[in-house]
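Put together the whole structure using the sequences plus the hints.
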Amino acid sequence: TQLLEQSPQFLSIQEGENLTVYCNSSSVFSSLQWYRQEPGEGPVLLVTVVTGGEVKKLKRLTFQFGDARKDSSLHITAAQPGDTGLYLCAGAGAGGTSYGKLTFGQGTILTVHP
Amino acid sequence: NAGVTQTPKFQVLKTGQSMTLQCAQDMNHEYMSWYRQDPGMGLRLIHYSVGAGITDQGEVPNGYNVSRSTTEDFPLRLLSAAPSQTSVYFCASSYAGWETQYFGPGTRLLVL
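Protein chains in written order, with my numbering: chain U, 3 to 116; chain E, 158 to 269.
Keep in mind that a hint or two might mislead.
Mimicking EDC-like on lysine to aspartate or glutamate, the simulated pairs with C-alpha atoms at most 20 Å apart in a straight line are [to be verified]:
#1 Lys58/U with Glu256/E
#2 Lys72/U with Glu56/U
#3 Lys72/U with Glu187/E
Restraint ranges, calculated between C-beta atoms of paired labels, are given here [to be verified]:
#4 Glu43/U with Arg201/E: 12 to 22 Å
#5 Val169/E with Val57/U: 45 to 55 Å
#6 Thr227/E with Ser9/U: 39 to 49 Å
#7 Pro240/E with Ala80/U: 38 to 48 Å
#8 Glu7/U with Ala253/E: 37 to 47 Å
#9 Thr257/E with Val30/U: 29 to 39 Å
#10 Gly160/E with Val30/U: 45 to 55 Å
Under 7 Å between C-beta atoms, here's a sample of chain E residues computed to sit facing chain U [claimed, not checked]:
#11 Pro196
#12 Gly197
#13 Met198
#14 Gly199
#15 Leu200
#16 Phe247
#17 Tyr252
#18 Gly254
#19 Thr257
#20 Phe260
#21 Pro262
#22 Gly263
FYI, nobody ran anything at the bench for these hints, they're computed from the structure.
Note that CB positions come from ideal geometry on N, CA and C, so glycine has one too.
The structure is reproduced here in structure tokens:
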């Protein structure tokens, strides 16, 4: 079973601060997805990273896939209250019984105070 | 397109009762899955299907049954509800298991 450790579990910051969420594993993934979930709704995809070392930017959000494709990070610059939500990483299995399946991290609950 | 729809939105059951959570998608996706979400544990895969007539177990399948008679529908059945099944259940669909997952709004289940 592949495991994805996501940290921190909780993050409470002031508007304008920067933050980074980490997603780590001892397993290799073929791709890594980041989702954002708002209360009462299902997760919605933010980005998918596929290549080791890949960096993708989505406005103030920067996503990075580790060189070995075992870890990823999400960096938010100048956080805003609208960024508040649950952030989930999900790795796509690269082989064996995990091939073709997604493994989700535990999630990071982000609260940005005005 | 409605995307992925789930019914009911909320349900309260007594221990031992049975019920079916409904899930439907109109995106012609072959892959559908059920997850449960519990605080601090992310999303855990219960069952999944790669196409009509084909289902398989995920990480936490015990106490749940599924079937896939059509491409559109993927119901989840609880045969004898237990308090440990209190959770939020999400159905998702996609072109493949490793592709973008499109989630429904969830069903919040409380088992007393």
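Verification of the supplied hints:
1. Distance check on the hinted pair: Lys58/U and Glu256/E sit about 17 Å apart at the alpha-carbon level, within 20 Å; holds.
2. For the suggested pair Lys72/U and Glu56/U, the alpha carbons sit about 12 Å apart, so the restraint of at most 20 Å is met.
3. Proposed proximity of Lys72/U and Glu187/E is contradicted: the alpha carbons are some 28 Å apart, above 20 Å.
4. For Glu43/U and Arg201/E, the hinted distance range of 12 to 22 Å is satisfied, since their beta carbons lie about 18 Å from each other.
5. At roughly 46 Å, the beta-carbon separation of Val169/E and Val57/U lies within the given 45 to 55 Å, and the hint holds.
6. A hinted range of 39 to 49 Å holds for the C-beta pair Thr227/E and Ser9/U, which are about 41 Å apart.
7. The given range of 38 to 48 Å is respected by Pro240/E and Ala80/U, whose C-beta atoms sit roughly 44 Å from each other.
8. For the hinted restraint 37 to 47 Å between Glu7/U and Ala253/E, the CB-CB distance of approximately 25 Å leaves it violated.
9. As the Cβ distance of Thr257/E to Val30/U is approximately 20 Å, the hint placing it in 29 to 39 Å is violated.
10. The beta-carbon spacing between Gly160/E and Val30/U, approximately 32 Å, falls outside the hinted interval of 45 to 55 Å.
11. Taking 7 Å as the C-beta contact cut-off toward chain U, the hint placing Pro196/E at the interface is violated, the least distance being around 9 Å.
12. With a least beta-carbon distance of about 6 Å to chain U, the hint placing Gly197/E at the interface is held under the 7 Å criterion.
13. With its C-beta approaching chain U no nearer than about 6 Å, Met198/E sits inside the 7 Å limit, and its interface hint holds.
14. With 7 Å as the threshold, the beta carbon of Gly199/E comes within range of chain U, its nearest partner Cβ sitting at about 4 Å, so the hint holds.
15. Among the interface hints, the one on Leu200/E holds; its C-beta lies about 4 Å from the nearest C-beta in chain U, closer than the 7 Å criterion.
16. Because the smallest distance between the Cβ of Phe247/E and any Cβ of chain U comes to about 5 Å, under 7 Å, the interface hint for this residue holds.
17. The interface hint given for Tyr252/E is broken, as the beta carbon of that residue sits about 12 Å from the closest beta carbon of chain U, more than 7 Å.
18. Residue-level restraint check for Gly254/E holds (minimum Cβ-Cβ distance to chain U is 4 Å; threshold 7 Å).
19. Because the smallest distance between the Cβ of Thr257/E and any Cβ of chain U comes to about 5 Å, under 7 Å, the interface hint for this residue holds.
20. Checking Phe260/E against chain U by beta carbon gives a least distance of about 3 Å; that is within 7 Å, so the hint holds.
21. Given hint, Pro262/E at the interface with chain U, holds; its Cβ is 6 Å from that chain's nearest Cβ, closer than 7 Å.
22. For Gly263/E, the interface hint holds, since its Cβ comes within 7 Å of a Cβ in chain U; the closest pair sits about 6 Å apart.
Figure legend: structure checked against the earlier numbered hints; hints not met, in rising order: 3, 8, 9, 10, 11, 17.
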